[in-house]
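For reference, the chains in residue letters:
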Amino acid sequence: MFLGKVIGSVWSTQKEAGMENLKLLIVQPIDWKDREGGQTVIAADRIGAGIGEKVIVSGGTPARIVFQNRQVPIDAVIVGIVDSYEVTREQ
Amino acid sequence: MFLGKVIGSVWSTQKEAGMENLKLLIVQPIDWKDREGGQTVIAADRIGAGIGEKVIVSGGTPARIVFQNRQVPIDAVIVGIVDSYEVTREQ
Amino acid sequence: MFLGKVIGSVWSTQKEAGMENLKLLIVQPIDWKDREGGQTVIAADRIGAGIGEKVIVSGGTPARIVFQNRQVPIDAVIVGIVDSYEVTREQ
Amino acid sequence: MFLGKVIGSVWSTQKEAGMENLKLLIVQPIDWKDREGGQTVIAADRIGAGIGEKVIVSGGTPARIVFQNRQVPIDAVIVGIVDSYEVTREQ
Amino acid sequence: MFLGKVIGSVWSTQKEAGMENLKLLIVQPIDWKDREGGQTVIAADRIGAGIGEKVIVSGGTPARIVFQNRQVPIDAVIVGIVDSYEVTREQ
Numbered sequence: 001m002f003l004g005k006v007i008g009s010v011w012s013t014q015k016e017a018g019m020e021n022l023k024l025l026i027v028q029p030i031d032w033k034d035r036e037g038g039q040t041v042i043a044a045d046r047i048g049a050g051i052g053e054k055v056i057v058s059g060g061t062p063a064r065i066v067f068q069n070r071q072v073p074i075d076a077v078i079v080g081i082v083d084s085y086e087v088t089r090e091q
Numbered sequence: 001m002f003l004g005k006v007i008g009s010v011w012s013t014q015k016e017a018g019m020e021n022l023k024l025l026i027v028q029p030i031d032w033k034d035r036e037g038g039q040t041v042i043a044a045d046r047i048g049a050g051i052g053e054k055v056i057v058s059g060g061t062p063a064r065i066v067f068q069n070r071q072v073p074i075d076a077v078i079v080g081i082v083d084s085y086e087v088t089r090e091q
Numbered sequence: 001m002f003l004g005k006v007i008g009s010v011w012s013t014q015k016e017a018g019m020e021n022l023k024l025l026i027v028q029p030i031d032w033k034d035r036e037g038g039q040t041v042i043a044a045d046r047i048g049a050g051i052g053e054k055v056i057v058s059g060g061t062p063a064r065i066v067f068q069n070r071q072v073p074i075d076a077v078i079v080g081i082v083d084s085y086e087v088t089r090e091q
Numbered sequence: 001m002f003l004g005k006v007i008g009s010v011w012s013t014q015k016e017a018g019m020e021n022l023k024l025l026i027v028q029p030i031d032w033k034d035r036e037g038g039q040t041v042i043a044a045d046r047i048g049a050g051i052g053e054k055v056i057v058s059g060g061t062p063a064r065i066v067f068q069n070r071q072v073p074i075d076a077v078i079v080g081i082v083d084s085y086e087v088t089r090e091q
Numbered sequence: 001m002f003l004g005k006v007i008g009s010v011w012s013t014q015k016e017a018g019m020e021n022l023k024l025l026i027v028q029p030i031d032w033k034d035r036e037g038g039q040t041v042i043a044a045d046r047i048g049a050g051i052g053e054k055v056i057v058s059g060g061t062p063a064r065i066v067f068q069n070r071q072v073p074i075d076a077v078i079v080g081i082v083d084s085y086e087v088t089r090e091q
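Protein chains in written order, with UniProt numbering: chain A, 1 to 91; chain B, 1 to 91; chain C, 1 to 91; chain D, 1 to 91; chain E, 1 to 91.
Keep in mind that the hints were calculated from the coordinates and are not lab data. Heads up, a few of these hints could be off.
Cross-link-like lysine to any residue pairs, in silico, SDA-like; alpha carbons within 20 angstroms at most [what the hints assert, rightly or not]:
id : chain 1 : residue 1 : chain 2 : residue 2
1  : D       : Lys15     : E       : Gly37
2  : A       : Lys33     : A       : Gln14
3  : C       : Lys33     : E       : Asn69
If you anchor each label on the Cβ, the simulated ranges turn out as follows [claimed, not checked]:
id : chain 1 : residue 1 : chain 2 : residue 2 : range
4  : B       : Trp11     : A       : Thr88     : 15 to 21 angstroms
5  : C       : Val87     : A       : Arg70     : 30 to 36 angstroms
6  : A       : Glu86     : D       : Gln68     : 36 to 42 angstroms
7  : C       : Trp32     : E       : Thr13     : 18 to 24 angstroms
8  : D       : Arg46     : C       : Arg35     : 24 to 30 angstroms
9  : C       : Gln14     : D       : Asp31     : 37 to 43 angstroms
10 : C       : Gly18     : D       : Gly48     : 41 to 47 angstroms
11 : B       : Arg46     : C       : Gln68     : 30 to 36 angstroms
Residues from chain C shown here face chain A by an in silico Cβ test under 7 angstroms; the list is partial [said to hold, decoys possible]:
id : residue
12 : Ile7
13 : Gly8
14 : Lys23
15 : Gln39
16 : Ile81
Where is the CB? At the ideal position from N, CA and C, for every residue including glycine.
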């Protein structure tokens with residue numbers, strides 16, 4: 001998984017089967033110093049993440065598991081909203 | 001998933017079993033400011049995406065799910081044509 | 001898998017089904033010279049890795065296998081704590 | 001999938017079960033302007049791709065599907081030889 | 001798959017179930033000119049690769065297939081030791 005910040009939403013009417021009724025958010029990967037890095041990711045959100053919140057995003061087949069047997073072609077899911085994180089660095 | 005812009009089409013006659021009758025588009029990943037970044041991706045399109053349109057691309061086994069039990073060796077699929085997206089940035 | 005160093009922890013209350021009771025650590029990928037590189041990764045830890053320890057992180061469906069049939073949407077797992085490693089370089 | 005150019009072949013005698021009788025090619029990823037980018041990939045070829053040809057490479061479990069139930073530990077397959085591609089750019 | 005050079009070994013006592021009795025090697029990705037590039041990878045070796053040898057590394061679920069039904073959380077496997085490779089470049 002990676003840490004990210006929710007920065008926006010995407011809407012799509014014309015879409016694949018299985019993409020109905022999904023909230024899709026734009027997530028910017030960040031590091032432990034909140035520095036942004038890497039390409040933005042579109043992730044499905046089922047836990048009520050809001051703009052500006054820090055989230056944990058999971059990808060691939062492990063992420064898709066939240067949709068169980070439904071045929072949902074989603075490869076990234078917000079699996080947690082971050083309460084806090086603590087980083088200890090020697091240098 | 002990632003945001004991309006459809007920039008072209010690819011044609012192939014000599015191909016693997018399962019690749020028949022697929023429309024393959026060239027997609028350039030973009031960020032929320034429409035800036036291009038990263039290598040172009042070849043994605044299957046079954047929802048009528050056209051050149052210049054912004055799309056959502058899913059990858060891996062989750063994307064392949066749209067082909068159900070058919071033996072289609074495709075690892076990237078356009079799962080939505082973007083109507084709009086909204087990004088809120090503090091800075 | 002990749003070599004990493006555990007640099008922190010993340011806590012999340014609002015989360016997807018299957019994310020309960022998991023210890024999530026922040027891992028910084030390192031190379032054989034302990035130089036850091038690449039984005040930090042959030043990985044589940046079930047073997048007691050501590051801050052500052054070097055670990056081996058596995059990803060994707062192979063990593064998720066440690067949760068067996070439970071519906072855990074985790075795509076990165078610490079699969080080993082490094083005792084030592086030895087690198088032989090010609091140059 | 002990605003666009004690539006076949007630049008060479010690899011031979012291996014000592015190998016894993018399931019790797020027998022596979023033609024392995026070295027593929028350099030290219031973009032739509034034929035500019036090379038990214039690390040070379042080793043892909044299995046079952047459709048007769050030759051040196052210098054442009055190909056479409058699929059990866060991961062979706063690509064492995066061409067081997068059906070055989071236990072072949074291959075994560076990249078040439079799924080099409082490119083006849084032509086057309087790119088339309090506004091700029 | 002990618003081409004790599006074996007540069008070292010890693011040892012781990014405290015590890016996940018399924019990681020017992022595995023030889024784990026540190027592999028540096030290389031290109032066809034033997035130039036190193038990209039982060040080092042930890043891969044399981046079951047075919048006797050030695051330090052300094054060039055190898056083919058497969059990843060993800062396709063690689064894990066060599067462990068069959070055993071619950072081994074390994075996402076990278078050395079699937080071949082390179083005898084030779086030949087690259088033809090126009091320029």
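A quick look at each hint next to the structure:
1. Annotation: proposed proximity of Lys15 (chain D) to Gly37 (chain E) is violated, straight-line Cα distance about 24 angstroms (limit 20 angstroms).
2. Between Lys33 (chain A) and Gln14 (chain A), the direct Cα distance comes to roughly 38 angstroms. Violation of the 20 angstroms bound is thereby established for this hinted pair.
3. For the hint linking Lys33 (chain C) to Asn69 (chain E), the alpha-carbon distance of about 35 angstroms lies beyond 20 angstroms, and the restraint is violated.
4. The beta-carbon spacing between Trp11 (chain B) and Thr88 (chain A), approximately 55 angstroms, falls outside the hinted interval of 15 to 21 angstroms.
5. For Val87 (chain C) and Arg70 (chain A), the hinted distance range of 30 to 36 angstroms is not satisfied, since their beta carbons lie about 46 angstroms from each other.
6. The hint said 36 to 42 angstroms for the Cβ distance between Glu86 (chain A) and Gln68 (chain D), and at roughly 48 angstroms that hint is violated.
7. In this structure, Trp32 (chain C) and Thr13 (chain E) meet the distance hint of 18 to 24 angstroms, their C-beta atoms being roughly 19 angstroms apart.
8. Distance hint for Arg46 (chain D) and Arg35 (chain C): a CB-CB separation of about 40 angstroms, inconsistent with the stated range 24 to 30 angstroms.
9. Take Gln14 (chain C) and Asp31 (chain D): their Cβ atoms lie about 41 angstroms apart, and the range 37 to 43 angstroms holds.
10. About 45 angstroms separates the C-beta atoms of Gly18 (chain C) and Gly48 (chain D), a value consistent with the hinted range of 41 to 47 angstroms.
11. Roughly 34 angstroms separates the CB atoms of Arg46 (chain B) and Gln68 (chain C), a value that falls within the hinted 30 to 36 angstroms.
12. With a cut of 7 angstroms, the hint placing Ile7 (chain C) at the interface with chain A holds, because the nearest CB-to-CB distance is about 5 angstroms.
13. Hint on Gly8 (chain C) holds. Least Cβ distance to chain A is approximately 4 angstroms, under the 7 angstroms limit.
14. Evaluation of the Lys23 (chain C) hint against chain A yields a violated restraint, the C-beta minimum of about 13 angstroms exceeding 7 angstroms.
15. Here the hint on Gln39 (chain C) is kept, as its CB sits about 6 angstroms from the closest CB of chain A, short of 7 angstroms.
16. The closest approach between the C-beta of Ile81 (chain C) and any C-beta of chain A is roughly 17 angstroms, which is over the 7 angstroms cut-off, so the hint fails.
Violated hints, in rising order: 1, 2, 3, 4, 5, 6, 8, 14 and 16; the structure is consistent with all others.
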